[in-house]
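Asks: Note that the protein sequences, when read in sequence, are chains A and B. Letter 281 of the first sequence, counting from 1, is numbered 281 in this note's numbering, and no numbers are missing. Letter 222 of the second sequence, counting from 1, is numbered 222 in this note's numbering, and no numbers are missing.
Among the clues, some could well be false.
Keeping only pairs whose Cα atoms sit at most 27 Å apart, straight-line, the calculated BS3-like set for lysine-lysine is [what the hints assert, rightly or not]:
id, chain 1, residue 1, chain 2, residue 2
1, A, Lys-148, A, Lys-158
2, B, Lys-143, A, Lys-247
3, A, Lys-195, A, Lys-148
4, A, Lys-247, B, Lys-183
5, B, Lys-143, B, Lys-233
6, B, Lys-106, A, Lys-247
7, A, Lys-398, A, Lys-379
8, A, Lys-158, A, Lys-63
9, B, Lys-233, B, Lys-106
Bear in mind the hints are in silico, worked out from the structure with no lab data behind them.
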Amino acid sequence: METMDRSTRTASPSRLFRFLGAVLTLLLAALLAPAGSHAAQDQVVTGTNQGVSSIRIAIPNFKPLAEDAQTGTLKTVFDRTLFSDLQNAGMFDVVSKSLIPPGTPGAPSEMRAAAYAAAPANASFVGFGSLGVVGGRLVVNGFVFDTKNAQFPQVLAKQYSEEPGEEMARQVAHRFADEIIRTLGGGTAGIAETKIFYVHAAGGNKEIWEMDYDGENQHAVTHLGTISLSPRISPDNTRLAFASLGKSGFQIRMYSLVLNRTVAFPEVGGTNISPAWSPDGKQIAYSSSRTGDPEIWVSDPSGAEPRRLTSFRGPDASPVFNARSGAQIAWISGRTGLPQLYIMNADGSGVQQMTDGGYATSPSWSPNGQAIAFAWNRKYGPGAPGGQDIYVMEIATKKWIQLTSDSGTCDFPSWSPDGRHIVYACSPNGNTERSRIWTMLANGTQRHAITGTGSDMPNWSWK
Amino acid sequence: MKIAVIPPQYRSAARSVAMLSLGALMLAGCHHKTTVAPAAPAPPTPAPTASLTAEPLAVDLGQSVVLNWRTTDATSVSIDGLGPVAVNGTQTVTPSSSTNFHLVAKGDGGTAEANVRVTVRVPAAPATPEPSNTTTDDASADKVFHQNVPDIFFDYDSYTLRPEGVSAAQKAAAYLTAHPEIKVVIGGYCDERGSAEYNLALGENRANSAKTALVNDGVSASRIRVVSFGKEKQFCSEATESCYQQNRRAQFSIDR
Numbered sequence: 001m002e003t004m005d006r007s008t009r010t011a012s013p014s015r016l017f018r019f020l021g022a023v024l025t026l027l028l029a030a031l032l033a034p035a036g037s038h039a040a041q042d043q044v045v046t047g048t049n050q051g052v053s054s055i056r057i058a059i060p061n062f063k064p065l066a067e068d069a070q071t072g073t074l075k076t077v078f079d080r081t082l083f084s085d086l087q088n089a090g091m092f093d094v095v096s097k098s099l100i101p102p103g104t105p106g107a108p109s110e111m112r113a114a115a116y117a118a119a120p121a122n123a124s125f126v127g128f129g130s131l132g133v134v135g136g137r138l139v140v141n142g143f144v145f146d147t148k149n150a151q152f153p154q155v156l157a158k159q160y161s162e163e164p165g166e167e168m169a170r171q172v173a174h175r176f177a178d179e180i181i182r183t184l185g186g187g188t189a190g191i192a193e194t195k196i197f198y199v200h201a202a203g204g205n206k207e208i209w210e211m212d213y214d215g216e217n218q219h220a221v222t223h224l225g226t227i228s229l230s231p232r233i234s235p236d237n238t239r240l241a242f243a244s245l246g247k248s249g250f251q252i253r254m255y256s257l258v259l260n261r262t263v264a265f266p267e268v269g270g271t272n273i274s275p276a277w278s279p280d281g282k283q284i285a286y287s288s289s290r291t292g293d294p295e296i297w298v299s300d301p302s303g304a305e306p307r308r309l310t311s312f313r314g315p316d317a318s319p320v321f322n323a324r325s326g327a328q329i330a331w332i333s334g335r336t337g338l339p340q341l342y343i344m345n346a347d348g349s350g351v352q353q354m355t356d357g358g359y360a361t362s363p364s365w366s367p368n369g370q371a372i373a374f375a376w377n378r379k380y381g382p383g384a385p386g387g388q389d390i391y392v393m394e395i396a397t398k399k400w401i402q403l404t405s406d407s408g409t410c411d412f413p414s415w416s417p418d419g420r421h422i423v424y425a426c427s428p429n430g431n432t433e434r435s436r437i438w439t440m441l442a443n444g445t446q447r448h449a450i451t452g453t454g455s456d457m458p459n460w461s462w463k
Numbered sequence: 001m002k003i004a005v006i007p008p009q010y011r012s013a014a015r016s017v018a019m020l021s022l023g024a025l026m027l028a029g030c031h032h033k034t035t036v037a038p039a040a041p042a043p044p045t046p047a048p049t050a051s052l053t054a055e056p057l058a059v060d061l062g063q064s065v066v067l068n069w070r071t072t073d074a075t076s077v078s079i080d081g082l083g084p085v086a087v088n089g090t091q092t093v094t095p096s097s098s099t100n101f102h103l104v105a106k107g108d109g110g111t112a113e114a115n116v117r118v119t120v121r122v123p124a125a126p127a128t129p130e131p132s133n134t135t136t137d138d139a140s141a142d143k144v145f146h147q148n149v150p151d152i153f154f155d156y157d158s159y160t161l162r163p164e165g166v167s168a169a170q171k172a173a174a175y176l177t178a179h180p181e182i183k184v185v186i187g188g189y190c191d192e193r194g195s196a197e198y199n200l201a202l203g204e205n206r207a208n209s210a211k212t213a214l215v216n217d218g219v220s221a222s223r224i225r226v227v228s229f230g231k232e233k234q235f236c237s238e239a240t241e242s243c244y245q246q247n248r249r250a251q252f253s254i255d256r
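Produce the complete structure using the sequences and hints provided.
Replies: Have a look at this one:
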C-alpha cells in the first residue's frame, strides 16, 4: 500500500498499515498451504475494521447556529451524511451516538476532550462543530480534536460558507469528511466527494446515470432512447466514454460533462464496446471487431490513431489500463475457450494469462497498480452450481481472494480512487432489470446495496 | 488490509459474533432514528418496471402468439383482455384481429405500463388479388425469407457452427444466390448467462461465423452486414436450457 511508509502526525494509522502488511503476508502463506486452494480460501476472513487497529472517532451532532426550521433540516442531513461517510471510510471505528457524552460542543472552547477519551466513548479523536443558515448562507464550522493531547488537541479546523440547500449540506459534509480522512488517514484522499457512473434500465432502454458515492443524488446523464453500456469516466471527470446501440450495432460514444452533450467519436465497422481510459487521460482502449474479430484496440480519446494490440481469433473485450502506471492493460479473452483474465504491456507485448479456469470477466485495476478486481465463476458450465463472485488478484503472485459469495451473479467491480472500496453489481440471474449496485471495503466487508433494481455496470470516478 | 485466519472450528462462532454485532448496530440505530444513519441510506421503494413482448409480432389469422412479460417491484399485474396475471409470465394467445396488448403493473412505488401490438393478417378478399411479393408486404416477404434462411444455433459459449448449422448455412446460401437482390443483416445473440461485455464480443463472433459460412458458399460479403446484440435483446427470458438455446443464435433478416 502506498500509504504504508508515509509518516503521519498520529502514531496509530502508520502502525495500522504496518500491521496490515504483516497480515497480508500471512494470508498469502495461507493461500500457498498444501491443503489446496479451496480449503484455504474457505478459512480466510478479511477485515480492515476489526479489533483495535482502526481509529476510534466520536462525531457528536453539530450545534445549531440558528433556531430556524431550515437550519434544523440541513443539520439533520449534514449530521447523517458526515457520520455515514466516516463509517463508510473503512478506517474508523465510529463511536455510537448513544455513547457520546452529554452536551453539544459547537466550538473549541466548548469541547471537553477528556470526557470523550473516557469510557464509554473511548474516542481517540472527536469531530464536532456548528452549522446554521446565517445571513442567507449555509455556514459550517468543523473541528477535529485529538482527545489524548491535552496541550494542543486541535488537529483540524475548517469553515464552509455556501448556498443553503439539502444537496449542499450533503456536499459540505462530504468535503469535511474527506478532510478528516486525509488528515487522519496518512494523506490518502477520502472518497466522499467522488461519483459513480452506471447503467440504468427502464422501459426496455438503458441509459447512463450518475450518483454520489453513497447512492444519493441518482440522476440520468444520457437520454439516447437506446441501449447504452459500460460507462467509463475520464480521469479528469470531464468526459464519459461508453458503448451505445445504433443502426450499425454497438459503437463507442463520448459524452462531454462540460458541454452536457455527446461529442463526435468516429463510427467504424463491427461491434465496438467496453472503452477504458489510461490514467493520464490521453488514450482509450476498447474492443473493436472492425477486422471481423473482436480485438483490443487503442486510440486517442477522439478516436484518432487507432491501433490494434491483440490478434487472436475469438472474443477479446473489457480492457482496463494499469491505473497507476498506464503501462499495462488487463482484459478478457476467449482465445482458449471460456473467457479468462490476461494482462499485457500497453504496446501489446508480454501477454500473460492470469486465470486458468472458470469464467472470468470485467477486470478493474487497483489505484496502486498492484491488484486486479474481477468477476469470476470458478465452476462455470451448463448445470454447474455456484454463482459469479467478485475476486481480487495480486498481480505479482497471481494469488487471489474471494470477496463475495452466495450473492447470485455479481459483475463489474470498480475500485474507489483510494483503493479502500469496490463498487459492483449483483443480480439473481445476470439481468440488469433485477440488478442492484453494491459497495464494500476492498477486503469484502461492509457490503451494502446503494441502489434499487435496474442498476448495473458501475464505474467509480478517478477522484 | 487486515486478514485474520480463522480455524474451521471457530468459523460458525465468528459468524454468530458478526450477526450479534450487526444486531447490536441495528438496535443502536433504532434509538436514533433521525441521527444515526445506517451505512447506506435505504433506497426509497422503487417504482415498478414492466416489459411486454410478443413473438411473433405478426401472424396470419388463426395462428398463435406468445406473450412474454416481466415486471419488477410490482404487487399486482394485469393485461387487458387477460385479466390479472402473475408478475412474470408467458401466455399463448390467438387474437382474431390486430390487438394492442396493454399491461399495467402496480406496486408500492407507483404504476408502470407496457404495450405491444400484434398484427393479425386477415387473408385478402379474392376480389382484390395481390401478388404475395409486393414490396409493401414486408411481413410475408420476411416469412418466405425465414423459411429459406433459418436461424443458426450455437453451443454454449461457442461460436463454431454445428453440423446442422453448416447445412442451414448451405440452404441459406442457395436461397440468397437465387435472390441476388436481397441484402442480409446477421444478428449475433447470446443467452443471459455471463458478462454483458464479453457476450457482445461473443455474439459478434457468432454472427461472423454465419457470415463466413455464407461467403464460403458463394454469397458476396458486400451483401452481408453483421450486428452483435450480445445478451441485450433476449428472445425469451426463462432460466431454462431450451430458452438459453433459442437465445444462442445467429439470426438472419432482410437488410432494408
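Asks: Now look at each hint and say whether the structure bears it out.
Replies: For each hint, the structure was consulted:
no.: 1; hint: Lys-148/A x Lys-158/A; result: holds (21 Å)
no.: 2; hint: Lys-143/B x Lys-247/A; result: holds (22 Å)
no.: 3; hint: Lys-195/A x Lys-148/A; result: violated (35 Å)
no.: 4; hint: Lys-247/A x Lys-183/B; result: holds (15 Å)
no.: 5; hint: Lys-143/B x Lys-233/B; result: holds (21 Å)
no.: 6; hint: Lys-106/B x Lys-247/A; result: violated (34 Å)
no.: 7; hint: Lys-398/A x Lys-379/A; result: holds (19 Å)
no.: 8; hint: Lys-158/A x Lys-63/A; result: holds (15 Å)
no.: 9; hint: Lys-233/B x Lys-106/B; result: holds (25 Å)
Hint compliance for this structure: hints 3 and 6 are broken, all remaining hints hold.
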